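K.L.:
Residues per chain, in single letters:
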Amino acid sequence: MLSHVNVPLESLNIATLVPMLIPIIGALFILVIDLFKKDLSKSMYVMLSLLFVLLDFGSLIDFSIQFNTNGTMLGYFDLMLVDGLALLSQFIIVGASLLFIPLALTSKRFHEFSYSEFFALFLFMIAGFQFMVATDNLILIFIGLETASLALYTLIALHNRTKSFEAAVKYFTMGALAAGFYVFGAMVFYALTGSVEIHQMAAVFEADGFANLPYILVGVVFMLGALGFKLSLVPFHTWAPDVYEGASASMAGYMSIVPKIAGFVVAMRMFEFLVHSGIVWMDVILYATVVITMTAPNIWALVQTDVKRMLAYSSISHAGFVMAAVLIGSTQANSALFLYWVLFTFTNLGSFSMLWISRQKNLPAGQSSDHPYTKFAGMIKTAPLVATVMALFMLSLAGIPPFGLFWGKLYMISSAVAGGYIVLALIMALNSAIAGYYYVKLIVYMFMKEPVHGLEGKVYSMNASTSLRTIIGIAAIGTVFAVIAVNPLLEFITSFVYNSGY
Amino acid sequence: MLDHILSILIFLPALAAVLGFVVHKDSAKAYGIAVSIIEFVVSLYLWFAFDPNVSGMQFMESLPIVPAFGVNYLLGIDGISLFIIIMASLFTMLGIASLGETKNMKNMVITLLFLQMTMVGVFAALDAILFYVFWELSLVPMLYIIGAWGGPLRIYASVKFFLYTFTGSLIMLVGMLFMAYLYYQATGHWSFSILEWYRLILPESYQLWLFAAFFIGFAIKVPMFPFHTWLPYAHGQAPTIGSVILAAVLLKMGTYAFIRFSLPMFPDAATFFMFPIAVLAIIMIIYTAMVAYAQEDIKQVVAYSSVSHMGVIVLGTFALNVEGITGSVFLMIGHGIVSGALFLLVGVIYDRRHTKLMSEFGGLASVMPRYATIFGIMMMASVGLPLLINFVGEFLSLLGFYQQSHITTLLAGTAIIVGAVYMLSAFKKAFFGEVTNEKNRNLPDINKRELVALIPLTIIAIWLGIYPKPILTPINNSVESIVALMHEKAITPEAKSRIPALEGKIIMQKSEAEVR
Amino acid sequence: MEIGLTHYLVLATILFSIGLIGVMRRKNLLMLFFATEILLNAVNIGFAAISHYYNDLTGQMFAFFIIAVAASEVAVGLGLLIVWHKRTGNINLDTMSSMRG
Amino acid sequence: MELYLYIALFAPLVGSLFAGLFGASPKTLVTGVVNSSLLFASFVASSILLVHVLNGETVHVEMMTWMATGNLYIPFGFVVDQVSVTMMMVVTVVSTIVHIYSIGYMDHDKGFNRFFSYLSAFVFSMMVLVMSDNFAGLFIGWEGVGLCSWLLIGFWYHKETATWAANEAFIMNRIADLGMLIGIFLIYWNTGTLQYDKAFAIMPTLDMTTLIYIGIFLFVGAMGKSAQFPLHTWLADAMEGPTPVSALIHAATMVTAGVYLVVRANPLYHLVPEIGLFIASLGAFVAMFAASMALVNRDMKRIIAYSTLSQLGYMFAAAGLGAYWVALFHLMAHAFFKALLFLGAGNVMHAMNDELDPFKMGGLRKKMVGTFIMMTLASIALAGVFPLAGFFSKDTILEVGFVEHHYVIYTVLLLTAGLTAFYSFRLVALIFHGEERYKLFGFHPHEAYKFMLFAMSPLAILAVIAGSFKTTYFDMVTKLLPETEYHIHSHVVEWVMILGTQAFVIAAIWYAYKKYINFKGEDKEFEKRLCYKILINQYYIPYFYEEYISKPYKELSDILWRKVDLKIVDATVDLIAMTIYKTGENTRTMQNGNLSSMLRWMVAGIVILLSLAVAFGLAVRYSDEITSVLSGLGV
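Chains as they are written, first to last, in the numbering used here: chain A, 1 to 502; chain B, 1 to 516; chain C, 1 to 101; chain D, 1 to 635.
Simulated from the structure, these hints should not be mistaken for laboratory data. Note that the structure is a prediction, hence the values are computed from the model and not measured. Just so you know, not all the hints are guaranteed correct.
[Stated by the list, open to error] With a straight-line cut-off of 27 Å between C-alpha atoms, the simulated DSS-like cross-links for lysine-lysine are:
| hint | chain 1 | residue 1 | chain 2 | residue 2 |
| --- | --- | --- | --- | --- |
| 1 | A | K381 | B | K106 |
| 2 | A | K449 | B | K439 |
| 3 | D | K551 | D | K563 |
| 4 | B | K428 | A | K441 |
| 5 | B | K428 | D | K198 |
| 6 | B | K428 | D | K554 |
| 7 | D | K198 | B | K469 |
| 8 | B | K439 | D | K360 |
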């Protein structure tokens with residue numbers, strides 16, 4: 001029955017796999033080293049991982065140059081799809097990972113970083129996310145997603161605290177359910193079209209004019225559920241606060257950025273043709289989801305007492321904000337999504353890193369979570385520089401110009417206005433205002449209250465080390481001087497998005 | 001230097017603030033005074049170099065920030081913004097100089113210098129986004145000043161101030177983005193340049209919506225009734241310096257923005273909303289004056305009086321004629337000087353007695369005669385006595401609006417009555433009568449440090465009341481070009497007739513693009 | 001009566017629903033994992049049937065991948081479960097709520 | 001001539017600033033002397049200008065621009081013409097005298113220097129008011145005198161009543177000033193200028209309604225400053241200020257500013273005679289109304305204040321009937337004798353340790369001969385007995401009423417003349433005649449300083465002889481004002497009227513003497529009568545203002561602040577914030593941390609979306625039916 005497979009090697013365009021293969025090789029390499037020599041310093045692993053991620057980044061640059069000349073590339077039985085979206089999101093994924101890895105070099109000892117597995121899993125995860133974004137094949141998306149997710153569950157659990165196990169279990173179980181949603185959705189689409197490639201599915205649907213609309217909607221619902229989990233859209237967001245709280249601050253920061261951008265790219269690929277198909281339901285549902293996801297977590301963030309949990313909710317809200325781009329579906333909106341996320345990467349990484357450096361090894365008595373607001377009271381007196389930098393990130397998150405995230409918000413709201421979604425734009429604006437409260441609340445604690453920890457500012461930089469400071473410095477510079485970077489970034493992103501046909 | 005004088009004005013204090021982190025805390029105040037003197041001298045030089053006969057923008061600077069999206073670093077000033085900038089640098093200088101014993105003096109000075117950057121930036125920006133950047137950024141230092149050095153309710157007050165204005169300005173931002181989009185539609189490229197936007201003729205329906213969006217942002221800042229309730233808290237809790245700068249400069253951002261944005265961009269909407277806004281202005285004037293009369297805290301009296309006076313400014317602005325708008329701009333300066341001075345004066349007594357309740361005082365005129373004299377002069381200026389600074393502005397504002405509506409102006413004119421009622425009764429409670437409270441018996445009179453700030457303000461208040469011409473002429477020229485532009489752009493017959501035509505005046509920007 | 005595609009799909013849906021209900025109702029972590037396995041395998045049936053219907057191998061490939069993924073999920077899941085059991089001595093979901101709000 | 005103009009104008013300002021320099025320091029006699037000399041210089045300059053004007057020439061200067069924007073152009077311009085020079089003379093004469101007098105009167109006061117500073121500042125403002133050549137300049141002076149009046153009424157600021165009266169005066173004047181301001185706006189928008197000459201030149205071309213409005217609003221301004229009903233209450237309360245202040249501001253000069261305004265705006269009021277009639281009627285009413293309150297009052301200064309009010313009514317009556325020069329003439333005559341009366345009262349107060357109740361005095365003529373003579377002279381002049389100043393001016397006003405056929409006004413004014421005579425001599429009788437009741441209260445009266453009496457003497461002379469200027473004055477001032485002579489054509493009627501009036505007045509004086517010269521004690525019976533109660537309570541008008549305006553205003557303010565601003569406006573804002581926050585508090589239970597419920601949320605999400613999908617699918621499938629059903633329902 002099976003005919004002999006004979007495919008010319010050059011048509012496979014194996015090169016398209018290179019960016020994913022680099023971290024995989026790196027991961028295997030690390031595991032192999034571990035086989036031979038135990039108890040190597042974690043700094044060695046960190047640098048090694050960094051090296052591979054850098055290589056990965058380099059290969060992406062190479063690809064983007066190729067993209068500029070040749071346009072979208074297909075490869076490996078047309079499974080791989082290297083278009084602007086894929087490249088942009090990989091830049092973010094790899095770039096964020098690059099900034100994340102040095103956070104392992106803390107001054108306090110956290111034992112997860114002493115395992116070589118940690119770094120191997122980390123590299124696998126990167127590869128998983130890269131696969132996820134660089135294809136429009138539902139199978140490969142699934143595999144990428146699961147590879148990354150399984151690695152992520154483990155990484156969370158490695159933090160080795162009761163709360164992190166709880167977080168991992170919750171995340172894992174819900175992830176499994178989401179995987180079920182995903183495959184069920186995929187099955188429905190497959191049943192309807194006989195294909196698992198998004199562009200072919202779109203072609204089939206458009207050919208028969210969305211004849212089986214109810215079934216298509218069933219598929220869409222399950223896909224939305226699965227991606228909604230990844231993107232933490234309400235009501236699929238419930239894992240996020242707990243997982244962020246349970247995971248280490250650095251991991252939480254990472255989670256707020258990388259998995260989501262991968263999810264956004266999939267959502268863009270998945271919903272782009274549906275949004276443009278003129279199905280009213282799609283618009284309404286996405287509109288409602290976006291609005292609810294922006295608003296509800298915002299309101300919940302108001303009442304949090306722990307900064308990390310607040311940031312978790314705020315991240316959900318930001319995701320909802322950005323999800324608007326998928327709803328609007330214009331080139332400007334899609335560019336805004338990437339612009340927003342790049343800027344968000346710097347700011348959010350910065351703010352979570354700030355939590356990370358103030359992380360104590362053990363919870364002090366009378367403190368129920370790692371980063372309650374009260375801990376930061378009066379910080380301006382005890383640790384003025386740390387407080388200032390933290391305030392900077394908060395202002396950026398709140399969208400105060402000229403700090404990084406403002407430009408993202410600006411462009412995103414502008415795209416909503418230009419897309420005719422004036423009311424949505426207003427809702428976005430008002431949500432930013434509500435969000436202002438909880439960001440400012442931290443500033444209020446830091447700048448306007450009396451310190452509770454005595455005049456010793458050490459508690460705020462317990463965990464600080466050169467590499468952490470460097471990362472925070474980079475994040476701060478990225479946040480403050482975003483003004484300069486916005487234009488090149490915007491032009492770069494717009495041309496990539498536009499040339500990918502979005 | 002002239003080519004970049006505005007940039008120097010904006011970034012000199014910012015740079016100084018950053019360097020200020022290194023300055024030893026004992027020298028912080030001296031450092032702040034030195035920097036702000038330099039800044040003030042530069043701003044005076046700006047006036048010197050300013051050509052009062054040119055009605056358009058001067059000292060323009062342009063540098064692309066996000067050219068792909070039409071955002072530019074575009075600066076320029078005309079007669080309207082010039083004096084507010086000078087006033088901002090004046091008040092920063094006097095404010096720092098008059099700082100008394102302050103905890104964390106260094107932080108205060110640095111914050112004030114940052115604040116100065118944002119203030120100058122707002123008034124010098126000709127790009128909507130740049131304007132917005134400074135507009136929002138100005139909230140942060142103020143938040144800190146109120147929140148860190150304020151009274152018992154300082155956190156509530158500062159957060160309320162921040163969130164209230166922040167919310168308003170975000171809605172304004174949506175309006176700006178929509179405006180930019182309309183411009184994009186009409187011309188095919190993005191631009192946030194205010195001067196470019198002036199060229200756009202919009203259909204009335206768009207104008208109304210955009211006007212409303214901008215209005216919310218500006219109205220909260222002004223603050224207009226019913227959005228004013230953050231102000232009493234902010235003033236009530238802020239330290240003296242915070243109140244001074246808030247009242248003198250920050251509130252002016254709102255009314256300035258009306259003139260810079262709302263009027264020339266949406267002349268028809270401005271005409272359409274003229275009466276509703278006039279009604280709000282009248283409520284501001286009378287209602288707030290009555291509320292001021294009911295206050296027990298002398299600082300709250302001055303705070304509410306600010307709202308009341310801002311009502312007159314708003315009314316003058318929406319007179320839509322040269323007299324009214326010129327008057328309102330002049331009143332911005334006047335109110336800045338006078339309310340700034342009044343807050344400084346309240347600060348003087350607060351420093352001595354640590355209370356602002358009028359019932360605690362009484363008979364201060366005999367204990368502190370010099371203080372009472374300066375307070376009296378400023379109070380009379382606030383009440384709008386001729387030959388003092390506020391009268392010129394109030395007179396012109398009311399005169400201007402009288403062309404549009406008689407009965408409205410009559411109602412608004414009660415400002416001079418109700419204003420006298422609360423001011424005089426407050427003055428009577430605090431300064432007249434016998435000294436009943438023993439704590440007041442031996443209060444020292446106003447000292448040199450305090451006089452340093454108050455004497456110049458008194459001189460200005462009198463000088464500009466007697467001879468407003470040096471300021472009035474440049475303002476007048478710029479306002480004339482705005483009014484001419486509005487008349488030219490107006491599309492509804494109502495607006496055409498309400499906004500006077502000025503023959504032979506140069507129109508700032510010819511309207512070229514039209515949105516249909 | 002010939003068994004057609006529809007029947008398979010209905011079966012898959014029913015199984016999926018059972019899995020969903022299991023996910024919702026079960027309080028034992030282990031049983032919960034079983035329920036998720038049912039979910040995934042329900043879809044497998046569907047994929048196999050559709051694949052046969054279209055005479056296209058993609059569906060079966062998908063099914064294989066799902067099996068593989070399910071297996072690794074179980075591996076990770078069981079690992080977590082064991083650690084959790086070691087730490088807390090039970091695997092009841094209701095004990096797992098130290099973080100809330 | 002410009003130099004004299006500037007000297008006349010700015011000498012008082014220099015004095016004010018000079019005295020102000022020593023404001024906070026204890027008494028320095030030099031300020032009093034210097035200021036008095038400067039005022040004298042101003043007087044001399046004014047006199048030179050008067051001579052100049054008498055020669056038929058006027059001076060008009062423009063010092064500098066004040067405001068210029070749009071079409072509006074307001075300079076600091078000054079004009080010395082027949083009208084303004086009259087006022088300048090009145091102001092400088094009276095104020096010079098009052099300045100000198102004050103050196104003695106304020107001798108022991110701590111605020112000696114401050115007083116002179118304020119007083120000179122007042123004179124400066126008044127000069128600006130009368131000399132300005134445009135309405136805006138007039139308004140500067142108008143507000144300036146208001147300010148000085150506030151400062152001087154509240155001069156003894158430790159006294160609650162004084163500061164209260166000061167504020168009352170200021171605020172009431174402000175109410176009227178608003179009217180004036182509106183009048184100015186109307187003039188500007190209708191004539192395009194605020195210069196007197198230009199604006200009046202255009203006015204005949206305006207329509208009647210506009211002119212009426214301008215007339216009304218300007219007169220509202222005049223009503224406040226000249227304390228016409230219903231804005232009159234402040235004047236009596238203003239007597240809290242030092243007596244020289246009452247003499248200068250609240251008798252001779254400031255309160256006549258309203259009359260000056262009406263006279264100055266005569267081209268306007270000439271065009272709207274209806275308003276003129278209203279002014280005259282109001283004037284006549286106030287004349288009677290104020291005189292009636294003076295009949296029973298027990299406060300020496302208040303009695304004189306009501307008398308001032310009454311005389312202002314006369315002036316308005318004249319001005320309203322178009323006899324502008326008569327009004328101005330009476331203004332001048334009145335300034336002299338009323339200032340004299342007040343200064344005399346000041347002497348009495350000094351002698352009596354600031355006691356104001358004439359019932360506690362009596363028989364003072366033995367101790368204070370000079371004062372007695374001067375006050376009696378002033379009272380005779382006030383009563384309008386031939387040949388003193390009051391006779392000439394007041395009688396002309398009566399004639400005007402008669403000639404113009406406004407017999408009601410005439411009658412009222414005639415009756416008022418009788419009342420005037422009565423209350424004036426009631427006062428004189430109570431103070432200077434009869435038993436020396438003051439001894440019961442332990443006072444030791446003494447005559448004032450010689451130089452004070454000396455300073456008053458020019459006023460006394462003027463009060464006697466001012467009537468003789470009538471013809472000269474008429475010739476001069478009618479170059480600017482309407483030249484109307486009021487002659488009753490029948491000599492018989494004229495003589496009957498003059499003699500009748502004189503007889504009536506003298507009878508009133510005789511009655512007052514008879515009733516009060518042997519005054520023993522208070523007439524309890526009389527005091528129980530209703531009319532007494534009404535009069536002593538000033539027709540309950542201050543009570544009415546207090547109960548129905550001041551208090552409600554205060555209460556309303558309180559309500560607006562506590563109830564509206566805090567409980568509604570602010571609470572709404574906070575409510576929005578709290579609602580959002582509370583929503584968060586109430587819904588955060590969704591995140592209860594239980595994995596089962598988290599999973600259920602996910603499934604629930606899917607179910608909701610699915611049911612929405614189904615609903616949508618059904619809706620699409622049956623869209624035709626739905627449409628028909630909906631249209632059947634009339635949607």
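K.L.:
Hint by hint, where does the structure go against what was stated? Just the numbers, ascending.
P.N.:
2, 4, 5, 8
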